[in-house]
Each structure stands twice: as structure tokens, then as C-alpha cells.
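Novice: The chain contents come next:
Protein chains: 2
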Amino acid sequence: MGEEKKEPYEKVDPRYYSRWYNEVIEDSNLTDKRYPVKGMNIWRPYGWKLMSNIDSKTTGYMKETDHEEVKFPLLIPEDEFQKEADHIKGFGDEVYWVTRAGRNELDVPLLLRPTSETAMYPVFDLWIRSHADLPLKIFQMVNVFRYETKQTRAFTRMREIHFFEAHTCHETAEEAEEQIKEDLEIMDKLAKKLCLPNLQLKRTEWDKFPGAEYTVGVDSLLPTGRLLQIAGIHQYKTNFAEAYDIMYEDIDGEHKHVHQTTYGMSARLVGAIVGIHGDEKGIVLPPEIAPIQVRIIPITYGEKKDDILGYCRGLKEDLEAADIRVDIDDREDVRPGSKFFDSEQKGIPLRIDVGSDELEKETITLVRRDTGSKDEYDSDNIVEKVKEEHHAMEEEMYRKAEEFLEDNIVDVENMSEITEEKVYRIGWCGSRRCGEVVEEKTDRHILGTLYGEEEYQGTCLHCGEEDVEAAYLCKKE
Amino acid sequence: MGEEKKEPYEKVDPRYYSRWYNEVIEDSNLTDKRYPVKGMNIWRPYGWKLMSNIDSKTTGYMKETDHEEVKFPLLIPEDEFQKEADHIKGFGDEVYWVTRAGRNELDVPLLLRPTSETAMYPVFDLWIRSHADLPLKIFQMVNVFRYETKQTRAFTRMREIHFFEAHTCHETAEEAEEQIKEDLEIMDKLAKKLCLPNLQLKRTEWDKFPGAEYTVGVDSLLPTGRLLQIAGIHQYKTNFAEAYDIMYEDIDGEHKHVHQTTYGMSARLVGAIVGIHGDEKGIVLPPEIAPIQVRIIPITYGEKKDDILGYCRGLKEDLEAADIRVDIDDREDVRPGSKFFDSEQKGIPLRIDVGSDELEKETITLVRRDTGSKDEYDSDNIVEKVKEEHHAMEEEMYRKAEEFLEDNIVDVENMSEITEEKVYRIGWCGSRRCGEVVEEKTDRHILGTLYGEEEYQGTCLHCGEEDVEAAYLCKKE
Chain A
4 MGEEKKEPYE KVDPRYYSRW YNEVIEDSNL TDKRYPVKGM NIWRPYGWKL MSNIDSKTTG
64 YMKETDHEEV KFPLLIPEDE FQKEADHIKG FGDEVYWVTR AGRNELDVPL LLRPTSETAM
124 YPVFDLWIRS HADLPLKIFQ MVNVFRYETK QTRAFTRMRE IHFFEAHTCH ETAEEAEEQI
184 KEDLEIMDKL AKKLCLPNLQ LKRTEWDKFP GAEYTVGVDS LLPTGRLLQI AGIHQYKTNF
244 AEAYDIMYED IDGEHKHVHQ TTYGMSARLV GAIVGIHGDE KGIVLPPEIA PIQVRIIPIT
304 YGEKKDDILG YCRGLKEDLE AADIRVDIDD REDVRPGSKF FDSEQKGIPL RIDVGSDELE
364 KETITLVRRD TGSKDEYDSD NIVEKVKEEH HAMEEEMYRK AEEFLEDNIV DVENMSEITE
424 EKVYRIGWCG SRRCGEVVEE KTDRHILGTL YGEEEYQGTC LHCGEEDVEA AYLCKKE
Chain B
4 MGEEKKEPYE KVDPRYYSRW YNEVIEDSNL TDKRYPVKGM NIWRPYGWKL MSNIDSKTTG
64 YMKETDHEEV KFPLLIPEDE FQKEADHIKG FGDEVYWVTR AGRNELDVPL LLRPTSETAM
124 YPVFDLWIRS HADLPLKIFQ MVNVFRYETK QTRAFTRMRE IHFFEAHTCH ETAEEAEEQI
184 KEDLEIMDKL AKKLCLPNLQ LKRTEWDKFP GAEYTVGVDS LLPTGRLLQI AGIHQYKTNF
244 AEAYDIMYED IDGEHKHVHQ TTYGMSARLV GAIVGIHGDE KGIVLPPEIA PIQVRIIPIT
304 YGEKKDDILG YCRGLKEDLE AADIRVDIDD REDVRPGSKF FDSEQKGIPL RIDVGSDELE
364 KETITLVRRD TGSKDEYDSD NIVEKVKEEH HAMEEEMYRK AEEFLEDNIV DVENMSEITE
424 EKVYRIGWCG SRRCGEVVEE KTDRHILGTL YGEEEYQGTC LHCGEEDVEA AYLCKKE
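Chain order of the listed sequences is A and B.
The numbers in the first sequence follow my numbering, run straight up by one, and end at 480.
The numbers in the second sequence follow my numbering, run straight up by one, and end at 480.
No lab work stands behind these hints, which were simulated from the structure alone.
Check the hints yourself; a few may be wrong.
Taking lysine to aspartate or glutamate pairs in the DMTMM-like style, the calculated list, with each CA pair at most 25 Å apart, reads [what the hints assert, rightly or not]: (1) A/Lys140 with B/Asp330; (2) A/Lys60 with B/Asp110; (3) B/Lys140 with A/Asp330; (4) B/Lys36 with A/Glu208; (5) B/Lys66 with A/Glu67; (6) A/Lys66 with B/Asp35; (7) A/Lys153 with B/Asp35; (8) B/Lys52 with A/Asp360.
Listed next, the stretches of chain A that the computed footprint assigns to chain B, with coverage defined by at least 3 CB atoms under 8 Å from CB atoms of chain B [as the list claims (entries may be wrong)]: (9) 34-43; (10) 69-75; (11) 375-388.
All residues carry an ideal CB built from backbone N, CA and C; glycine is no exception.
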């Protein structure tokens, strides 16, 4: 660490990381940061394709689990927003207010949704009558707005956020708990495709979602040694149902409040992928969601030019027939070196180089973006080979990031050992008092306790109580 | 007309239409109008699927014509908005203003985009350097906001609008003109799939898009005899390019302003489909975009129940294998009559009824939503039959609506003949003075002159000039 270079799956200095991150994002054409409002960026075509591919994966998992897609309005009346006390306290300071329309001052100011609980729940009350209407499982993909006061950063800390939110209502607490587990399974599947290993941590009382009973934060480790939250899964119990009066009639005719959960993700998924897998040459995209999965580069010097181009077009057709997203960089006035460079900057998983050598032997040279490995194969097997390499690449990107995460979790029994940018596993008695002391003294956050099985036990870092639960302490990105 | 019944492709009284429209929209579960902000509705799952299917079609046509998808921010700074004078004049009275964020008054108020010219064009200047960057062809699908002061109506007159907008930049006026033609071809293809015959009218000077050189409005005729604009295609020439300083270097090194066009559509497409094709039983959806294209209804009395259900599931698998969107209404406690009714309310194009008769003979009874026709077919051919019927239905829905449009265009040579809710084709000398007099005296709008070939010529309805162009005069929905 400290060396001014971004190697994938190695630690890097946060200041260098920041510079590097901004550069590769610009070079890859994912987004344009020059929009004249702070914290609001433009999705360029390449970035929007990437985000749309991630959204399609998410949508697929949602539909498999019987969630239905909806679209609620953006603007929320002030009075609806103010019904759940903790929720207002949590979001009140970061909402944008519409106060005027045309030449009129609005009677009731409208806020831009920072999340959609307070837009949806007044209507849930109308949608749900009896147990036959439950479970209600919906999701939407929308823009949300938060007046972020810290330094903004593309994808990970924005004021306009591309957001996914699922909302569910259930008859019982048990069914709501099952929903949380289903959400975490979906998260696991998605994380595999996005090559984002993570920790699923039950947040502390003072760090949970405003209005929630508890929150599971899903955190990925950035090369800076800081954790980036990439998803939040929330158990509301009947907190919001009570505030918004969402009742159902059970099988015995009794009226009860519904139990609710939510699951949120955002464009941060893109930020995590860029940060974790990128290198000095640019971003590296997981094969399943890459807008271009294979780029063919014809190396056309001399008289074989037309034959090589024809050969490339044939390869492209074969790959397209197998539903692989492929293009050819056939720009006339650009040298192969620049084309390689461009393909690397954009993080395209596989490159196929074709020169007169390959043409003659009816082979291809396949180059992997993550490892840089170069292998020659018969062109007959191209579809199979590409699929194999995509699969291997996905596996390896996940595994390497997972190793990096595991290598950077350090068990400590003493605050004085906490000096680096790592994830520290500590003993914590669970009290707010001890937690806050530890956070203050170490200048880090307790990100929570493992939602799943935890093998580690320790001694509370502050009060010294023995055999207490393990908590994860780290800086937040 | 005047009879209190909504027959498809027949005239209906506007007041009755209004009541009918609101009812069928509610019954079909497309949208929920009970959201507590006027003019902002909730897309329910069924409605959002329909809109998404329309959006996918549009996206397909856009990609075929080399447009790329982007996503620009929602909020526009006041100073950027104010650069094109006519544009502000046109939209100034109907924008929503964000003036506060958290506890701060904003230094520069931000407006919610009513359309995205003023969000995009400051950046186009950065994206375009030379002729090599042209043409620039992008589109996005976003929510836009207009503070509509008239009575709002689901899909057709909303304050939050689901919006499609394509923006292009070209080197020359000719290329921009070609773009307009390409847009109109896309419109024709889409209109066929949506069964929305229309008039493509070059709007009057005083009715064009604010900032445009000219506007082609695409209008469909509602059963009320009023025209509903379903798309707008705009030639900007260099009007915005001059205001936003969007220049390119041409092949000779000269710096010139780009020529721009836009193409906009919205959720109005849904409103037009509902209004034109619906009948007393509910909405009728064009087969290609219907969320459910076929519904199978098992009629399960007596002992054959399980066999019938099994038979239905087999049919469903066959149809799904052919990528047809199909479901089975296998609710236990609902009678067939109610199931038929539900399928009709939702506008599902085809119904397959299966009782013990069909089971025994290995047939199906196919019922068409638009005509109500009922035919029995061998189950062997089910995929082919369904595709045939879908195709026939699309053709016929388009044709009938086209006949209704043609039947309701009336040539007149005298203002006194203008008494009904119809589309009047009149002679118009083209002067603003005559146009405005005609509009005022007839209490109708001149929606423009045909963009394509026009065979009709007439005498100006006001000044009496002979052999002048034909214009279309009608009430606007």
C-alpha cells in the first residue's frame, strides 16, 4: 500500500484512489460529471447500458419471487411525509422542497422522494383489505433525491440517485422475517453476477434506517480498506403500518396491522464494481452485465485487410447468434494499440484480436481484460470458448475480491491495535454506550453484527464483558 | 351520437366519454388515481407493464436507427433554463420550482424538467467538437413535470408525465429534415403496433413547440370527435444551438452551429388506446403490447376438473415456448362468468375457454376481445392460431379506427357548416390573422396542414383567397 498505483485486489491510499476513480470513470464514458448541478450527473449511453443490465438482472430475480413492478409519483405532500416520527428525523434535513409552481406558491409544499415509504403507504391502506391481499410485494426503479452535504462522488454519493426499492406487506412477523431471508438470497445471487462479495451486517440501533425495527446493511470492501454499503434490507415490523394505518382483516375477521419490509439498492453497485475491480488501465466489467461482452479487433495491415474484416464479421455473427453482446472496432484511422487501450478503458471482458496470422490458421487470439491472458483458439469453438472464459472470469473476479475482503478482516482485542484502514472484528457487548465510545475513540463505525452465522466471540472492547458478540468496525466510504 | 353507450369506433358524447374513460381505467387496474397530489397517478403493475411494452417497442425502433439511450438529471438550474427566449415564454408558467433543500434556501432555484432541452444542450456543447461527432442521436425515458392548470385526466393530461424524448444534432439543415422524416417513419411503425391511426400536421406558427422552427403534431381522433396529440416532432434549426452555443468544426475547419430536432411521446399513447378501442365492457389492448396476450379459462365443473387444469397447463406451456404472454385464471372460488368479465375489463386480446367438451375433443374455444367472435380449433395448431388471430386483430383494430378517422373528416367551405365535433378540412390562406379569426369564430383550433401530400385545396374560410392550402380544424382534447 501507499505505492501510487491501483492494482486490483490490493490496498490503495484513499487520496490516490479518489483521483484514480474519477479518472477511470471519465475515461470509460460511463457518466458525465459536468452537469451544472452538484451531485447530479449524466448517464452516458455506455453507463446507462451497464446500469440497465444490472436492473434487468434485479428485475428477473424480483419477478421470480413474485414481486410486481410499479411506478409511484416523485412528489410527496409534506403532511404525508410527517406521519412517521423517526423517518422525518432521519430524512428531514436532506430533502428537496418544491414550494412554487408556475407563478403560485403551493399551499402544501411537496418534497422530492428521498425513498418512497411516505408516497406508497397512504395508498397501501387502500390496496389492502383482507389476508387475501397479502403478501403484497412490489418494487420500482426510480430517481430519488437526497441533499447530500458531504463531498459528492459519482455513483456512490449523489444528490440524484438511481434507486431500486422493493416494499412488502405480510400478515405476520414470521412471514416478514422470511422476506428478509429471500431478499438476502436475491442479494447473494446478484452479488455473484456483479462480482461483489460482501458482509451482511445487522446495523446498530443508531445506524439503522429511520423508522425501521432493524436494518441489514450489505457492505463491500473498497481497495481503500473502507466499506461501501451497496444495499439495505429493512424490517419495519408494524412501525409504518401503525403510522399509516395499514390494516388487514385476518381469517377470523380480526383487524391487524401488516408487517412490512423493504429492500433498497442503487447506482452504488456500479461504483463498487468500478472501485473493486478496476486497475491502472481502467474499469473491468463483470461479463454478465457488461454492455459489450466481447470486442473484436481486426489488425489490418496490407493486402489481407478485406479478408480479415470479413472473417471478423463472421465471428461477430456467430457470437450474436448465441446472444453474446459483441462489436467490432473497425475504425480505419486508429492503430491497434489505441484500440486495445480503448477496449481496456471501457472494461470490456474479452477481446478477440484477428490479424493475418489468425486468418490463415482460422484461429482467434482471445485476451482477457482481468488477467491480460492471451490465448489462441480454433475459430470453430468460438462461442463455447467465449462462454467458458466469461464464466471463468466471473468466478475469478468474485474469488479475488472475496480473498481481499477476507484478508482485510482483522480480529483485535485492543483499541490500540486499530491503526490501519481495515475491517476490524471486535467484541462488543451490544450496549449503545460502549459502541459509541469505541466509535469515537477509533474514529470508525460499528457497521453491525453478522446477520448469518458468526463463529467469532470476543471481549467487549470498552467494558471488558467476556464472550460477547462480534461486531465489525471500519471506516465508511 | 348522444346515445349513452360507448361503442368502439363510434362517436360518443364528451361528458359520457369522460365518465366512461375514468371507469374503465379504474376497472382495468392500469393506474390508481387516489394518490394525494392532483395530476400525479400511480402506475399499477398492469399499467406499468403496458407502458413498458410500449417503451420497449419505441426503444427497439430507436436502436435500429442508431439512437443511444441516456439519462439526464431531473433538476435544471434557473439560469440554464432562461437561455432560449421563446422556450421560457412557452414553459415558464408551468414549471415546478425547488427552492429549498434541507434547511437551506437554494442560491439558484432549480426547476423540474418540463422537457430536457435546457438540461441537455449546455452539455452538447462539450460533447460536440467536430463533424466527426455528428450526427448525435440520443433519447431518454423519464418523468417530466408540467403544472397543468386545466382539469387533469389519467394518461392524457397529467402533472407528472412519463415521457420519451429523442434529441438529435446534425451538420446541415437537410440532414435535420431527413431526421424528421425518419421520426415520422418510426411513428408510423409504432402507430401500427398500437393501432393508432393519426394525422401528421404541421402546426401553426402560434401553436408550435416553444423554441422550434416548426412542429409536426401527430394527432389521433378520440370518439368524442376531438383530436388528441400523441407525439410531437420538432425542427429547431439552429435556434437552440445559437442560444446554447453548440458549434462544430466542419471538414474545412469552419465553425458552425448544429441543426437540431426532437421527437417526444408520452403516456398519452395509453390514453389514446384506451379511448379509441375501449367499449362498454372495458379496455381493448393491441396484441403486441398487451401485458397478457392470451388468458386461458378452465371451466371446471364436476369430475373432469384436474384433467381440464392439466390440459390448460399444457396449452400454456406451448404458448410460452413461442414467447406468447399467457396466464391461466385458475381461481377456485370464481365462476366462469366473472372470469370472462375480468378478462374483458383488462382488455386481454384473446381468451381460450376450456371445458370438458374441449378436453374430450382436444380443441380450444378462442374468443376475441375486440369482436367477441368465438371459434373452436384443434389444440394442435394453437400457437399458429393465436398468432394469426393476434395479427388479424391488430390489422382490424387499426383499420376500424382509421375508418372512424376518415369518416369524421369533413370538407367545409363555410364557417356556418361547422357545428359538430368533427375534424373539418378547410381552406386557409396561411396568415395568422385569418387563422385566428377562424379559430375564434368556430371555437376550434387549426391543428395545422398535412406534413405529407395533400390532395385538397380550398378557399380561405375568412379572407376568401382561392386555391389555398388545406388546414385541419378541430377541438383539442
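Novice: Hints broken by the structure, by number, lowest first?
Specialist: 2, 4, 5, 7, 8, 11
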